[in-house]
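Okay, here's what each chain looks like letter by letter:
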Amino acid sequence: MGYVEIRDLHKTFAEVHAVDGVDLSIEEGEFLVLLGPSGCGKTTLMRMIAGLETPTSGEIVIGGEPMDEDIPPRSRDIAMVFQSYALYPHKTAFSNIAFPLEAAHKTRSEIIERVQATAAMFGIAHLLQRYPRQLSGGERQRVALARAVVRNPGVFLFDEPLSNLDARQRTTARVELKQLQRKLGTTIIYVTHDQVEAMGLGDRVAVMNHGRVLQIGTPRDVYDDPADTFVATFLGSPPMNLVELNEATWLGFRPERFLPRASFVAAADVAAFRFLVRHVEYLGSDRLVYGRLDGESADEKDVIATVPVTVDQPIAAGETYDFAVDRRALRYFDRRSGSSSSDGTG
Amino acid sequence: MALAEQLRQARLRPARRTLADRGDLLGRIMLAPALAYVLLLAGVPFVLAIMLSFSSATAGGLEFHWVGLHNFAEILPDPLFHRAIINTILITVVSQIAVMVLATVTALVLDAGIRGMRVFRFLLLLPWAVPVSLAALAWVWMFDSTFSVINWTLRALGLLHGWLYWFGDTTLALTAIIVVDVWRMFPFATVIVLAGLTSIPQDIREAALVDGAGFWRRVFQIEFPLIVPIASVAVLFGIAFTATDLTTVYLLTNGGPYNSTQVLSTLAFQRGILGGDLGQGAAIALFLLPVLALATIILLRFARRTEIGS
Amino acid sequence: MQGIESVHLTRSTFLKGAGAAGAAATTFSVPAIVRAQAKSLRIITWSHFVPAYDAWFDPFAKAWGRSKGIDVVVDHISYADLVPRATSEVAAGQGHDLAFFLSPPAAFEPHVLDLSDLAKETERRYGPMVPLVRSSTYNSFTKKAYGFSAEWTIDPGDYLKDAWTKVGKPGGPVTWEDLLTYGLQIKKSDPSIQIPIGIGMSQDIDSNMAMRALLWSYGGAVQDAQERVTLDSDETVKAVEFGATLFQQVINPAVLSWNAASNNQAFNARQTSYILNSISAYRTAQDKKLPVAENTFFVPALKGPTGIGIASEHVMGIWVVWKFAKNPDAAKEFLLHLCDNYREACMASKLYNTPSFMGTCAAPGTPLAQKAAAGQRWVAAQFQRDPFGSAPADKLAVLATAEKWSTNIGHPGPANPAIGEIFDTFVIPDMFAKAATKQLTPKESVKQSTARVNAIFAKWRKAGLVGG
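Residue numbers (our numbering), protein chains in the order written: chain A, 1 to 346; chain B, 1 to 310; chain C, 1 to 468.
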């Protein structure tokens with residue numbers, strides 16, 4: 001039994017099923033990412049765990065304690081970092097970090113000690129007397145993290161904590177977050193719509209859509225073996241190519257697996273295609289090649305190949321080339337249900 | 001094709017810069033009516049009042065015979081004037097404290113989310129929108145010395161055995177004035193405080209919840225400090241409004257009993273307009289100015305200071 | 001009074017056959033009208049306490065205007081707004097041509113036209129002005145008639161016959177002392193009456209009148225005939241002492257907050273047995289068929305220990321013509337026309353208005369020398385047989401003698417700007433109220449009020465409008 005257990009959880013807002021029957025088991029010390037497009041129910045799910053929303057039905061257990069709706073957020077042994085950081089604007093960084101400890105009626109000396117220790121951990125000890133408005137985005141994010149960490153809770157809930165940072169800061173912060181989790185060993189539930197964060201941070205990733213968890217597994221699992229066409233196309237940039245195999249089946253393969261036949265060894269077990277190139281984007285490390293497979297009708301969506309810089313074969317728009325996919329990288333999906341099937345015959 | 005052609009032609013004939021594009025000029029033009037309003041309806045009378053306070057003008061005559069500080073020298077030793085200053089401050093301070101306490105409590109209750117909140121907000125604002133003269137008439141009847149509804153009610157409930165002469169006793173009369181002022185001002189203050197509460201980001205409240213703060217800690221450490229800047233606007237408005245208000249006192253007690261509930265504005269009216277001594281009336285009315293200016297500066301600085309933190 | 005010259009007699013005789021009103025007006029000011037630039041007359045007056053009067057007055061004024069080719073506008077405002085409105089019109093230097101006041105607007109003297117000519121012409125037509133009217137419209141120090149009055153209102157005592165009968169005084173009080181003696185008995189015999197004696201001591205016009213009457217009946221006064229301040233006297237202190245006793249024994253704190261309507265309301269609701277007021281409260285009770293109407297009877301001004309019994313007039317209706325008036329001649333002509341029709345006015349006001357020139361109520365054709373007496377007799381006859389349904393019909397008879405026991409608010413001197421300011425800032429009711437509520441001793445209260453009165457007099461003397 002996991003540290004956080006969620007069983008058949010539902011949340012309905014006026015006819016809308018925001019969370020529609022979610023079961024999750026999160027191990028102690030695990031970093032679980034809830035990934036999905038906006039409106040998929042991931043934030044509502046997290047807010048129910050925090051006690052900020054009341055489930056319509058279902059059960060949440062944290063550390064073996066059932067979290068009935070009369071258990072307020074403060075009694076759930078959780079800490080949360082908000083997308084906006086939700087720092088108290090009228091309090092200094094110090095008072096912000098100290099606030100949960102004050103609420104827990106810690107002694108003044110303990111508060112000072114723990115705030116300073118936590119601030120040192122995040123490298124913000126010199127900023128403690130500043131107000132949030134006087135801090136940069138990255139500094140604010142650290143103060144928010146410190147405010148969560150200082151309480152030493154059983155579970156961290158992170159609601160897109162990196163989305164307000166610029167790209168460079170985000171990369172650094174991702175690394176720091178991962179290190180933090182290793183150091184603290186605390187269970188983390190992390191909500192994001194950014195697949196890079198999800199893949200990079202999560203021990204496991206739960207992909208959600210329309211209030212349901214479609215697939216849960218390691219980043220590799222969900223990327224390589226998507227449970228259905230939604231997961232297949234939500235993850236990856238560009239997403240997995242889906243082409244019509246027969247009346248019942250989609251054939252799926254990732255763009256980076258779709259390469260000129262010449263880049264495979266001759267004996268490799270590949271599926272070969274004639275690829276009619278329509279247009280090529282040069283991205284530095286890769287070329288994105290858009291086109292259609294021979295035999296496909298012209299109005300089909302483009303198939304995309306991500307050709308790494310290491311493949312130096314010239315590719316030009318309007319030409320047709322021999323492309324191929326390693327047969328082990330082919331995935332099959334039922335055209336009616338969208339779910340993954342073992343092969344094209346099933 | 002046709003569209004591209006149209007676009008190309010549009011590029012060839014760029015539209016002239018219109019007034020709407022000229023932020024600076026447009027701003028000035030749109031500000032002008034407000035400025036004219038302030039100048040004509042506040043500025044001119046203000047200058048006139050200052051001039052009058054140094055003159056011996058009487059009964060509407062605006063010819064200025066300079067008498068220096070004579071008018072001020074006249075009022076300073078006047079016990080009635082002292083009484084009026086004390087009353088003005090007392091009524092303003094007490095009613096504003098009561099208004100802010102009531103407004104905050106009401107706003108917190110409303111903010112907690114009740115059904116039909118909009119309707120309630122609308123109803124709440126009514127006292128503020130009711131013409132004060134009408135409202136005062138109703139209040140005069142409720143507090144009437146002979147026919148007081150309040151007294152009859154209290155008696156019927158067995159809570160009152162004697163009789164309260166609301167406007168016949170200085171303390172009761174001041175109480176009645178304060179009650180009516182609170183009644184008038186508190187809806188407005190509630191709406192402002194409510195706006196302040198509503199403007200607190202939801203996630204900050206939730207952060208406090210998750211951080212383990214109980215109700216009182218949330219109210220006093222999070223919500224109060226965050227509504228201080230906007231609430232101080234309500235207080236400032238309330239002070240200026242109450243301290244300069246003529247109607248409540250004039251209609252309720254007319255300064256009585258025996259001039260003991262005069263405030264500066266009613267005394268100025270009585271001396272300057274009814275009594276015909278415009279100069280002295282202006283001097284009395286102007287006495288408020290430095291006091292209010294000081295209160296404004298203090299409050300604005302206070303509001304600013306809290307704002308820097310946010 | 002004024003010598004009646006033969007030329008006036010002649011002219012009066014000439015007018016006899018000519019249809020007095022219209023012709024009189026014509027002879028006086030046709031040339032004036034011809035000169036007038038504006039063809040309009042703007043009048044501002046109060047909303048009369050007897051609404052029937054306004055219903056008569058407005059069409060009356062308009063009809064006169066039509067006959068003269070003048071567009072007459074009549075605006076009515078609350079009595080409490082008369083002075084503020086006048087102040088703002090003076091400050092603006094524009095507004096109405098003709099403005100009405102309920103007490104002497106002496107402070108406006110620098111801003112109004114001298115109406116001596118109008119008073120003279122009226123006396124020439126109708127005989128002498130009632131003396132208290134002259135002291136209320138004429139500044140003897142500056143020799144200027146700052147106003148013109150066509151009517152005033154009597155301020156008798158109104159009492160509840162049954163309550164006073166029960167305590168053995170069916171004729172009502174005669175002296176101030178009676179109020180105390182019988183008030184105490186009424187308090188005992190009829191506990192449903194909350195305020196045995198309903199005399200106000202508040203910041204309102206009725207309290208102003210009542211407290212002056214009490215002051216005078218004890219021999220006190222704000223000023224003497226030469227406009228010298230005489231307030232600080234033993235007589236005043238005695239009056240204040242008595243006022244305090246009266247308040248503590250038979251009045252109650254309700255009266256400290258009364259407005260002009262309060263004593264009427266209390267009386268008509270049987271919450272008090274005696275008030276000092278005009279007959280308007282009684283007329284209201286009659287109109288509304290209140291049981292109290294039958295029970296309401298009247299007494300003249302109460303006597304003090306000095307034997308003096310005088311009351312201030314209840315209302316002194318005074319018209320002024322502003323210096324900025326666009327059509328002053330039309331204004332004066334209209335006032336004359338009003339006097340020409342004063343019988344009608346008296347009846348329209350249900351006898352609330354009493355003529356300022358008794359002669360204006362004389363029958364047309366009465367010789368000038370007899371007009372005042374004839375008018376007086378006509379007015380008295382109305383009071384003795386009230387045409388407005390009093391039972392008994394002679395209920396108002398005491399009002400017939402009112403001229404004898406009524407005086408102006410500056411008594412024994414004239415009303416002047418200082419008296420006006422003292423009146424309008426309620427210095428006298430305050431003096432009584434402060435002693436009555438024991439805020440100050442009677443002596444202290446008189447001292448404090450005298451200081452205020454002296455300051456006011458000094459100021460207006462400096463302005464050259466008050467003698468003494």
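Simulated from the structure, these hints should not be mistaken for laboratory data. Glycine included, C-beta positions come from ideal geometry on N, C-alpha and C. Hints are supplied without guarantee of correctness; some may be wrong.
[To be verified] Distance windows between CB atoms, simulated:
#1 B:Leu19 with A:Ala316: 48 to 58 Å
#2 B:Thr247 with A:Gln116: 54 to 64 Å
#3 C:Lys438 with B:Ala34: 46 to 56 Å
#4 B:Leu35 with C:Gln226: 20 to 30 Å
#5 B:Val47 with C:Asp224: 35 to 45 Å
So, going through the hints one by one against the coordinates:
Here the CB-CB span from Leu19 (chain B) to Ala316 (chain A) is close to 54 Å, well matched to the stated 48 to 58 Å. Against the hinted window of 54 to 64 Å, the Cβ-Cβ separation of Thr247 (chain B) and Gln116 (chain A) comes to about 58 Å, which satisfies the hint. Our hint of 46 to 56 Å for Lys438 (chain C) and Ala34 (chain B) holds, since their Cβ atoms are close to 53 Å apart. Taking 20 to 30 Å as the suggested C-beta distance range, the pair Leu35 (chain B) and Gln226 (chain C) does not conform, at roughly 56 Å.
A hinted range of 35 to 45 Å for the beta carbons of Val47 (chain B) and Asp224 (chain C) is consistent with their spacing of about 42 Å.
Of the numbered hints given earlier, the model fails hint 4 alone.
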